[in-house]
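Protein sequences, first through last, are from chains Y and D. According to numbering that gives the first Met the number 0, the first sequence is numbered sequentially starting from 0. According to numbering that gives the first Met the number 0, the second sequence is numbered sequentially starting from 0.
The set of hints was computed from the structure by calculation and includes no laboratory data. There's no promise every hint is true.
In this list, chains with the same sequence are indistinguishable; a pair is considered to hold if it fits within one copy or across any two.
[To be verified] Simulated crosslink set (EDC-like; lysine to aspartate or glutamate; CA at most 20 Å straight-line):
1) Lys503 to Glu426
2) Lys508 to Glu518
3) Lys510 to Asp473
4) Lys508 to Glu126
5) Lys508 to Asp471
6) Lys275 to Glu293
7) Lys275 to Glu458
8) Lys510 to Asp497
9) Lys450 to Asp471
Here the structure is a predicted model, which means the values were calculated and not measured.
Protein chains: 2
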Amino acid sequence: MSSAPKRIVVLGGGFGGVYAASFLEKMLRPEEAAIWLVNRENYFVYQPMLAEVISGSIGLTDVVSPIRRLCPRTQLVMREVEEIDLQNRVVAVSPGFRPRRLELPYDYLVISLGGITDFHGMPGMVEHTLPFRTLADAIILRNRVIHALEEADVETDPEFRRKLLTFVVGGGGFSGVEVVAELNDFVRGVARHYPRLPREEIRTVLVHSGERILPEMDEGLALFAQTLLSKRGVEMRLKDRLVAATSEKALLKSGGEIPAKTIVSTVPSAIAPVLKRLDCTKENGRLLVDEHLELRGYEGQVWVLGDCAFIRTASGKPVPPTAQHATREAHIVATNIRAAMGAGQRAAFRFEGLGKLGALGHNSAVAEILGVRVHGFPAWLLWRTIYLMKMPGLNRKVRVAADWFNALLFPPDLVQLSVHRASGIAEQHFAPGEVVFNQGDLGDCVYVIRKGECEVLREKEGAQQLLAVLADGDYFGEMAVLSDTSRNATVRARSAVDVLLIPKADFNKLKTTVPAFGEVFRALAKSRAPEPE
Amino acid sequence: MSSAPKRIVVLGGGFGGVYAASFLEKMLRPEEAAIWLVNRENYFVYQPMLAEVISGSIGLTDVVSPIRRLCPRTQLVMREVEEIDLQNRVVAVSPGFRPRRLELPYDYLVISLGGITDFHGMPGMVEHTLPFRTLADAIILRNRVIHALEEADVETDPEFRRKLLTFVVGGGGFSGVEVVAELNDFVRGVARHYPRLPREEIRTVLVHSGERILPEMDEGLALFAQTLLSKRGVEMRLKDRLVAATSEKALLKSGGEIPAKTIVSTVPSAIAPVLKRLDCTKENGRLLVDEHLELRGYEGQVWVLGDCAFIRTASGKPVPPTAQHATREAHIVATNIRAAMGAGQRAAFRFEGLGKLGALGHNSAVAEILGVRVHGFPAWLLWRTIYLMKMPGLNRKVRVAADWFNALLFPPDLVQLSVHRASGIAEQHFAPGEVVFNQGDLGDCVYVIRKGECEVLREKEGAQQLLAVLADGDYFGEMAVLSDTSRNATVRARSAVDVLLIPKADFNKLKTTVPAFGEVFRALAKSRAPEPE
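Whole structure, please, built from the sequences with the hints as guidance.
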């Protein structure tokens with residue numbers, strides 16, 4: 000080996016990336032290798048327990064561990080990966096406090112960037128559904144659920160209240176099942192603090208494309224889970240799936256609709272755009288690697304693992320995206336980097352999995368461990384024990400154990416931890432027939448139609464009068480914002496409509512500082528002003 | 000009493016509001032009174048422990064309690080107070096999921112809206128300093144501090160790194176001292192996880208207008224606190240105060256400057272605009288009440304307490320804004336509402352205070368209890384015991400005690416819990432001579448000058464060439480954003496400058512949907528295009 004340490008850059012701070020860095024720290028001395036790790040956050044998320052954040056039964060930050068503590072010798076870079084240059088062996092990351100990219104050259108590269116949620120071709124899903132991958136997602140979902148309960152408690156319109164009290168989860172795999180189980184327990188558990196809420200109006204719905212939930216599991220266990228969740232109040236919509244969403248409802252493939260203000264989607268998954276742009280072989284939309292986890296065409300330089308890699312086990316089956324597989328892949332990657340540096344033999348990935356565990360909330364779970372099937376309370380104890388053992392760091396183990404103990408003694412908590420309120424310019428999707436705003440509403444934003452048709456209607460002496468039809472590129476809603484009054488007409492979508500929404504505060508700032516912008520809307524408002532009555 | 004229950008509306012969920020609602024629940028039966036409480040959040044913040052959120056020694060949500068649990072019979076409305084109509088006895092609150100205000104009529108009104116941070120006449124303070132009042136403020140400050148450490152760890156420019164490692168706190172009262180003590184302990188405590196950080200570059204600075212800190216306390220104790228904090232590394236800037244801020248530095252009244260990316264201000268305080276607009280007598284900027292805490296002119300209808308009220312004790316001294324006073328005021332208010340409803344006698348506020356407690360971080364505090372002065376570790380134990388006893392709810396007591404126990408065993412945590420990244424259209428302030436952006440930076444936003452003068456400079460063959468001077472209403476920075484390149488010139492403030500900043504993502508959305516907006520910038524960019532070289 001040469002005298003200068005080799006630069007190893009690890010992309011991603013999930014199970015794959017953090018364990019790879021950790022194994023590298025153990026296998027290579029500081030004078031042999033300088034290890035860098037790039038991750039958007041400075042913590043590692045213990046994914047198997049993420050759903051417990053919804054109910055707050057685990058402290059919000061106890062489900063994550065600081066990466067600097069797990070990999071003390073690794074240089075963490077808390078930025079986004081923006082570009083990977085495989086030819087020149089350089090990774091560019093997003094700017095920090097100053098608008099400058101940072102470039103990280105490497106000798107060896109480990110890619111473990113996981114998946115992203117990709118709603119391509121599903122109208123309104125990006126704007127109106129909540130993903131469930133990161134700690135931020137879990138906290139945002141918790142906040143949304145509590146906000147919906149708070150609002151339902153003061154809502155007098157029963158139809159709107161039912162929408163506030165309906166929670167839809169898309170995807171019946173492990174993640175979706177754990178989310179709907181926690182969510183259902185939580186909502187029904189805290190409802191007693193909202194005395195005016197009609198409890199029978201609470202609905203939790205799991206939408207799943209298969210004939211039964213938990214396709215990864217044995218059929219008997221999956222049916223056990225299905226029966227248990229139904230008994231606890233979760234509605235199942237099987238052989239169906241989410242295809243679109245608006246702020247008022249979920250639209251299903253079957254043509255059905257579920258009126259709801261809170262929609263969570265745990266499918267579908269794709270690799271990050273920065274990986275899509277890479278010029279290398281892909282399979283099933285993921286980066287293809289060989290059994291040594293080396294990227295085709297970049298053997299001895301680039302390794303890929305975790306959810307962004309397409310790997311087959313020795314038996315030929317594709318590797319599922321679980322923590323137990325990712326940590327073992329990480330060990331193979333570290334071993335093979337050491338081999339590339341001239342020490343030891345290359346290893347091949349042959350792990351077939353030890354078992355499967357799925358939590359069902361409220362002291363129940365399903366498990367298949369080394370061929371044995373367990374369900375109910377024993378499975379739940381097993382689930383807790385295994386995951387607590389596997390959780391990295393004594394500090395976290397103690398905290399989580401204390402949290403669980405506390406959760407046994409006290410009911411779930413309903414603190415809504417909302418850190419920001421500012422919304423900013425946003426996109427929205429409306430289904431045909433949906434109301435954008437009602438006559439009499441507060442004028443809180445201005446709209447621009449990006450695609451679709453809207454009709455403008457005025458209520459007068461009980462009759463509804465069509466004032467205008469608006470289409471792509473048309474503006475509306477400026478009048479109430481400019482004159483600081485309430486809406487003088489109702490706007491309704493005629494077709495599926497995508498709009499850009501400019502909140503009043505942003506609109507007013509732009510209006511005063513960019514006069515040409517304000518002028519467009521002032522002229523429009525003038526031309527639309529109603530005749531004096 | 001009449002047969003229909005009277006409507007009592009309480010505004011504010013701090014010590015004053017929550018304790019008033021709680022006492023009312025005890026003094027009046029459900030058939031006598033329907034109690035409503037309006038608060039922006041669904042939780043009550045246990046203010047004395049808020050600073051501990053910075054270091055994470057208390058779990059992020061353990062310092063707050065759900066209001067619904069503290070006042071189970073009170074109807075909580077999680078909205079903002081927008082208008083109080085004292086004549087018609089109606090309170091209007093902000094919209095929820097739908098753009099409609101809610102109106103709450105009342106028979107009796109309790110106002111306990113606390114204070115807000117008011118930076119009127121202090122340029123750049125709103126944009127570039129962090130307040131410290133709410134749980135969200137505490138979490139945002141914690142995130143900022145960790146972000147600054149992460150960035151400092153990968154920063155190669157020593158001058159910029161020193162700015163990242165400098166933390167300035169304005170105000171040497173209880174709040175400012177507790178914040179700077181926690182912040183100093185935390186930053187120095189976690190620094191060992193950032194091996195490349197030069198620890199001697201870490202600076203924490205407390206700026207205070209008086210001759211000594213903690214003006215509320217006995218001089219001996221204040222000097223003890225001052226010496227202790229200095230020993231731990233806090234710099235004191237006495238007889239000085241913050242007057243302005245930019246993203247790069249704090250500007251002081253003395254003319255001094257402290258280059259720093261993180262500036263916290265714990266002063267000054269004012270009442271909320273909705274209270275300022277009320278047509279009633281004010282003193283020292285607060286609502287004047289009599290010894291029965293009744294609002295002048297609305298006796299028997301409206302009571303005011305806590306930080307937004309101006310109250311004198313029996314001895315004639317103005318009441319300080321502390322929890323012990325607010326809870327006692329709440330009892331007087333509840334008693335007097337009961338009296339107004341015809342039961343029992345009115346009570347007058349005569350409480351003079353039991354003592355004062357201030358935490359200094361790291362197992363130290365100062366206290367004056369019933370005339371006895373204590374400092375150091377005994378005062379810290381006293382501080383913990385008293386506040387743990389006073390904390391409402393057994394659940395919280397257990398959680399906080401467990402947190403403290405955990406904090407004794409394990410070092411502070413450095414998880415950065417950032418829930419959102421979107422920034423949106425914002426305002427910024429620059430001091431004369433400061434650089435807005437540098438030639439070569441990424442083009443991440445477009446600027447509009449609201450006030451002041453900027454110069455555009457180009458570096459060419461080592462020489463700096465003045466290209467233009469821009470003033471109020473001028474745009475700049477559009478070129479790099481439109482052409483997706485880096486900045487081709489440096490822009491520097493000539494005078495104090497206020498700008499509106501439109502982030503690239505928002506700019507692009509507006510450009511495509513509002514053509515007139517895009518046209519302004521395209522024409523400008525064309526007129527400014529450099530000659531081919």
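Verification of the supplied hints:
| no. | hint | result |
| --- | --- | --- |
| 1 | Lys503 to Glu426 | both (15 Å within a copy, 16 Å between copies) |
| 2 | Lys508 to Glu518 | both (13 Å within a copy, 18 Å between copies) |
| 3 | Lys510 to Asp473 | both (18 Å within a copy, 14 Å between copies) |
| 4 | Lys508 to Glu126 | between (24 Å within a copy, 15 Å between copies) |
| 5 | Lys508 to Asp471 | between (25 Å within a copy, 14 Å between copies) |
| 6 | Lys275 to Glu293 | within (17 Å within a copy, 67 Å between copies) |
| 7 | Lys275 to Glu458 | neither (51 Å within a copy, 37 Å between copies) |
| 8 | Lys510 to Asp497 | between (23 Å within a copy, 16 Å between copies) |
| 9 | Lys450 to Asp471 | within (5 Å within a copy, 36 Å between copies) |
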